[in-house]
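Colleague: So the protein lines, in turn, are chains A and B. For the first sequence, the working numbering gives the first residue as 52, with consecutive numbering after it. For the second sequence, the working numbering gives the first residue as 135, with consecutive numbering after it.
Calculated from the structure, these hints are not laboratory results. The beta-carbon is built from N, C-alpha and C at its ideal position, and this holds for glycine as well. Don't take each hint at face value.
Claimed, not checked - Result set (EDC-like, lysine to aspartate or glutamate): computed pairs, CA atoms no more than 16 Å apart in a straight line: (1) B:K337 to A:D357; (2) B:K137 to A:D404; (3) B:K273 to B:D255; (4) B:K346 to A:E350; (5) B:K337 to A:E361.
To be verified - Quick list of simulated restraints, FRET-style, between CB atoms: (6) B:N164 to A:F92: 32 to 40 Å; (7) B:S162 to A:Y259: 33 to 41 Å; (8) A:R152 to B:G217: 43 to 51 Å.
Letter by letter, the chains look like this.
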Amino acid sequence: MNSNKYLLKFDWVTLLLYMGLVTIGLINIYSTRHNPEINMFSLRHAFGKQLFFAGISLMLILFLQFSSVKIFERFSSVAYLGIVGLLLGLFLFGTEVSGARSWYSLGGFSFQPAEFAKVVTALAITKHISEINTDLKKLKHRRTALILILLPVVLILPQPDPGSALVFLSFFLVLHAEGMPSFYLWSFFGLVFLFVLTLLLGVKVITYGLMAVALIFMVVFLNKRRRKVLMPALAVIFIGIGFAQSVNYIFENVFEQRHRDRFNIVLGKEVDTQGIGYNINQSQIAIGSGRFTGKGFLEGTQTKGDFVPEQQTDYIFTTIGEEWGFLGSFIVIVLFVSLLHRVLHHAGRQKNDFSRIYCYAVVVLILTHFAVNLGMVLGLVPTIGIPLPYVSYGGSHLLAFSLLIGIYLRLDANRINEW
Amino acid sequence: MRKSLFYLLLYSIAIVFTLRLFYLQVVSTNYEDLSLQNSVLKEYIYPERGLIYDREGRLLVGNQAAYDVMVIPRRVRTHDTLGFCELLKIDKDHYLSQLNKARNYSTRIPSVFVAQVSKQDYAKLQEKMWKFPGFYIQKRSIRKYNTQSAANVLGYISEVNNADIRQDSYYQSGELIGRQGIEKTYEKKLRGQKGVRYLQRDKFNRIMGPYKDGSLDTLPDPAKDIHLTIDIALQEYGESLLKNKRGGIVAIEPETGEILVNVSVPNYDPDFLVGRERSEHFRMLKNDTINRPLFDRGLQGQYPPGSPFKLLNALVALQEKAVSPRTGYTCNAGHFYGRSQFMKCHCELGSFNRLNSGIYNSCNTYFSNIYRKTIDSYETSQQGMDAWSEHIKSFGLGNYLGYDHPTGQKGFIPDAAYYNYWYPNQRWRGATSVSNAIGQGEVLTTPIQLANMTAAIANRGSYITPHFIKEISKDTIDVTFRERKHTSIDLIHFEPVIEGMSNVVKWGTARNARIPGIEVCGKTGTVENFTKIDGVRTQLTDHSMFVAFAPREKPKIAVMVFVENGYWGSRWAAPIASLVIEKHLTGTVRRTYLEKRMLEGSLLEEYAKPISGEPFEINE
Numbered sequence: 052m053n054s055n056k057y058l059l060k061f062d063w064v065t066l067l068l069y070m071g072l073v074t075i076g077l078i079n080i081y082s083t084r085h086n087p088e089i090n091m092f093s094l095r096h097a098f099g100k101q102l103f104f105a106g107i108s109l110m111l112i113l114f115l116q117f118s119s120v121k122i123f124e125r126f127s128s129v130a131y132l133g134i135v136g137l138l139l140g141l142f143l144f145g146t147e148v149s150g151a152r153s154w155y156s157l158g159g160f161s162f163q164p165a166e167f168a169k170v171v172t173a174l175a176i177t178k179h180i181s182e183i184n185t186d187l188k189k190l191k192h193r194r195t196a197l198i199l200i201l202l203p204v205v206l207i208l209p210q211p212d213p214g215s216a217l218v219f220l221s222f223f224l225v226l227h228a229e230g231m232p233s234f235y236l237w238s239f240f241g242l243v244f245l246f247v248l249t250l251l252l253g254v255k256v257i258t259y260g261l262m263a264v265a266l267i268f269m270v271v272f273l274n275k276r277r278r279k280v281l282m283p284a285l286a287v288i289f290i291g292i293g294f295a296q297s298v299n300y301i302f303e304n305v306f307e308q309r310h311r312d313r314f315n316i317v318l319g320k321e322v323d324t325q326g327i328g329y330n331i332n333q334s335q336i337a338i339g340s341g342r343f344t345g346k347g348f349l350e351g352t353q354t355k356g357d358f359v360p361e362q363q364t365d366y367i368f369t370t371i372g373e374e375w376g377f378l379g380s381f382i383v384i385v386l387f388v389s390l391l392h393r394v395l396h397h398a399g400r401q402k403n404d405f406s407r408i409y410c411y412a413v414v415v416l417i418l419t420h421f422a423v424n425l426g427m428v429l430g431l432v433p434t435i436g437i438p439l440p441y442v443s444y445g446g447s448h449l450l451a452f453s454l455l456i457g458i459y460l461r462l463d464a465n466r467i468n469e470w
Numbered sequence: 135m136r137k138s139l140f141y142l143l144l145y146s147i148a149i150v151f152t153l154r155l156f157y158l159q160v161v162s163t164n165y166e167d168l169s170l171q172n173s174v175l176k177e178y179i180y181p182e183r184g185l186i187y188d189r190e191g192r193l194l195v196g197n198q199a200a201y202d203v204m205v206i207p208r209r210v211r212t213h214d215t216l217g218f219c220e221l222l223k224i225d226k227d228h229y230l231s232q233l234n235k236a237r238n239y240s241t242r243i244p245s246v247f248v249a250q251v252s253k254q255d256y257a258k259l260q261e262k263m264w265k266f267p268g269f270y271i272q273k274r275s276i277r278k279y280n281t282q283s284a285a286n287v288l289g290y291i292s293e294v295n296n297a298d299i300r301q302d303s304y305y306q307s308g309e310l311i312g313r314q315g316i317e318k319t320y321e322k323k324l325r326g327q328k329g330v331r332y333l334q335r336d337k338f339n340r341i342m343g344p345y346k347d348g349s350l351d352t353l354p355d356p357a358k359d360i361h362l363t364i365d366i367a368l369q370e371y372g373e374s375l376l377k378n379k380r381g382g383i384v385a386i387e388p389e390t391g392e393i394l395v396n397v398s399v400p401n402y403d404p405d406f407l408v409g410r411e412r413s414e415h416f417r418m419l420k421n422d423t424i425n426r427p428l429f430d431r432g433l434q435g436q437y438p439p440g441s442p443f444k445l446l447n448a449l450v451a452l453q454e455k456a457v458s459p460r461t462g463y464t465c466n467a468g469h470f471y472g473r474s475q476f477m478k479c480h481c482e483l484g485s486f487n488r489l490n491s492g493i494y495n496s497c498n499t500y501f502s503n504i505y506r507k508t509i510d511s512y513e514t515s516q517q518g519m520d521a522w523s524e525h526i527k528s529f530g531l532g533n534y535l536g537y538d539h540p541t542g543q544k545g546f547i548p549d550a551a552y553y554n555y556w557y558p559n560q561r562w563r564g565a566t567s568v569s570n571a572i573g574q575g576e577v578l579t580t581p582i583q584l585a586n587m588t589a590a591i592a593n594r595g596s597y598i599t600p601h602f603i604k605e606i607s608k609d610t611i612d613v614t615f616r617e618r619k620h621t622s623i624d625l626i627h628f629e630p631v632i633e634g635m636s637n638v639v640k641w642g643t644a645r646n647a648r649i650p651g652i653e654v655c656g657k658t659g660t661v662e663n664f665t666k667i668d669g670v671r672t673q674l675t676d677h678s679m680f681v682a683f684a685p686r687e688k689p690k691i692a693v694m695v696f697v698e699n700g701y702w703g704s705r706w707a708a709p710i711a712s713l714v715i716e717k718h719l720t721g722t723v724r725r726t727y728l729e730k731r732m733l734e735g736s737l738l739e740e741y742a743k744p745i746s747g748e749p750f751e752i753n754e
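Using the sequences and the hints given, assemble the complete structure.
Modeller: Here it is in structure tokens:
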């Protein structure tokens, strides 16, 4: 390998974007956990730990750049089996932290396999799709992909960690991009849309509305020759009506009360700033009070007063919003968009399928975290606890997502050296 | 095509988030307030309220510590509850309900557990507080009075209400404000300026430390102490003289306009409105509509001035050259001033009075005649009436005097417009309003206005607006209390009238006001008054009134005394006035027989008559 060429081809910009996000995370974790009476750099405290993991992560990325390209493809199956084993092991050896059995405790550190499962599953999916004889138009291959995705979901859900489990569903976007029939994606979006709409407007309105649509279809298409379209359309509509009827049942019986509350808060059906709506209310106050330029580093009164629960992890963005204002928040959004845009763009220039599909998996993972986390903090989607990539506090998370980006960097730098 | 779905998702999500952020952080403004509300605590540092002294430097109003037992429910541990209740003199039910109340409010923030524990209990409690975790004692400052008098002058303080807060953003709920009297007038001096500390607090409302390192904090501005013109010894003496009567005494130092005494009886002990039962006590005072202890008779009571008003009519007649001091009239125990209108007088048939004897005999006929001559000396009655009205008003009557006390009344001095209104054909003459000649009829004055009028006569035509403030520490008092105001009467006209006033005491209607060695000039008044009983206008026993100043040359005190329904001016008002003058000028009272009679005299039977529901006799 020509090392000069390698340096030229290495995606420095992405690395810088990554380091920018990690640095922003460190600054705001420092501010959130700031306490003049303790040594912030001690490994016993959040900031010290995060700094330590940031160092390890950087070394990991460096280390990955010297590894063979093939190794990721080759070991993805083994890694997948390993992670499934680790997830299973949680049921026996896991440590329970705030109600969820998601961690292995190792000395002073705890290790969350679900974070690594995301990366490993990305690799496994990529491997499966990129195999030469895989055709997602075939049901059999789709089924394999489905199992790869749903196995970790099934293992993670009962921890319980619904947030992480939800993330895996986003891999369907990768399948879609690689040729899975559009029908799946649109029916998924359609059902989500119908679900929310039914909660918002009530079953009756939706039922009558859909019936009216069906009637219009019949009138429009009956006289024409395109009668062929009519029957499937009507079928879809009636499935929709049936689904709408079941929404209430799902909502009332499958969901737990806290999930129902979270939906109702976002849909504006319930207002409760002290109880179930406390988090979302406080995080909006913190962000809103930052105004245009923010209150300044270590000056956030909401942050200092510890008003926002889980502020260093899932709600880290509230510190950014309060102390750095609209400007700082916007910069974070720009960094994410730049990173994702860049990886997406580079997907196109990859010469082999594995690298290209892996790029999509990276984008899908980071984008889902970004969208769900910010959506939650800004009060746009129901509370789902997942971290903001690279910014939130959490060693396993940072390490796993550094691995994710590190592998991308290695694959991308190899794009010419194909064989 | 399928790949662009990623771009679509990425950019639509980014745009939605940016818009949402823009809305939260830039468009909507209320999050900033909400944030300050829940994370920054404004703590005020109050300067100790200013002290109030009398003119001799005797402390009247100070501050005392009150002790509240506070509780932080979270920190309460099991302890000897019964022993604690015994110390606090409460029962166990009360203990539990108080603790519950505090717990419902907050388990982390202190609440008042028992308010204002007495000093004795505090001493006992303090030693044993360590046994009761979660409880502590907090010191508060409340008013302490060194006198039981002058409540009407001093006024009181109370917690601010919503209207106060709306009016002046300085105040916060729970703070104290001067509500009445001197406490109100000099509120800004007495309260000082509170300092403020901004503190960062956490989600449990616990204080974490200064906000922005205290850069926004301000220091309190200490309150100012004030000295009043009141002589508290004389005030207390005056109040004791009026015991079991209703009335008032207003005394002014003519040269300076300083109010020496402002007595209003029935009164109350200022200490009555301090402490735990304040609101209960205030309600009691407010609801006492018979004695009206909150009503300052000296400043707010509007009465017909009666005979003392004759002095002004004499001065006006002389100034308008309607009469000379030599002019005289015959009185036949009264006289006809119209075709069939007769005004009674207590003079004997065929008496002849000039100015001097007109004053000391208080002859209605004489003053009726000179009043009519004054009004009718002009071309029209209107001009005469207005000229008269202007002269009277130059003595500070008919409008607020402008003293530094929040209560008061204008009184009433009619003018031509007033009579034109009642007699639209304008066919009215001096005779129409002849009652004004003897201080009855339309004229209304307050006691302090009459005291000021007396001071103006004592000064031979000028006065300084009466005031209660003598000195403010490290500050100056209002300049209007230094400016001399002039009446519209020339200097030369005063001596004849003062001669008459001197004779009132020497051999006129107020001989019992004589003080050996001091020349007192005065004028009695016996004022007819009416009330409504069951809607029927009913005459009550006359008010006893007396105005006086002494000594005649270089007067040191001008005093106005009135005793409601006391009948003759000489029966109550004149002796009381002379006792006050004697006490002020000589420091002691030698006429103990007179003093004893005044101290022990009671008019309670008289006051019981109109509310008894039975028919009654007046002027007994």
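Colleague: For every hint, state whether the structure bears it out.
Modeller: Hint-by-hint comparison with the structure:
1. B:K337 to A:D357: 6 Å, holds
2. B:K137 to A:D404: 14 Å, holds
3. B:K273 to B:D255: 13 Å, holds
4. B:K346 to A:E350: Answer holds: K346 (chain B) to E350 (chain A) is near 7 Å, not above 16 Å.
5. B:K337 to A:E361: 13 Å, holds
6. B:N164 to A:F92: 32 to 40 Å: Cβ of N164 (chain B) to Cβ of F92 (chain A): about 38 Å, so the range 32 to 40 Å holds.
7. B:S162 to A:Y259: 33 to 41 Å: 36 Å, holds
8. A:R152 to B:G217: 43 to 51 Å: 49 Å, holds
Of the numbered hints listed earlier, not one is contradicted by the structure.
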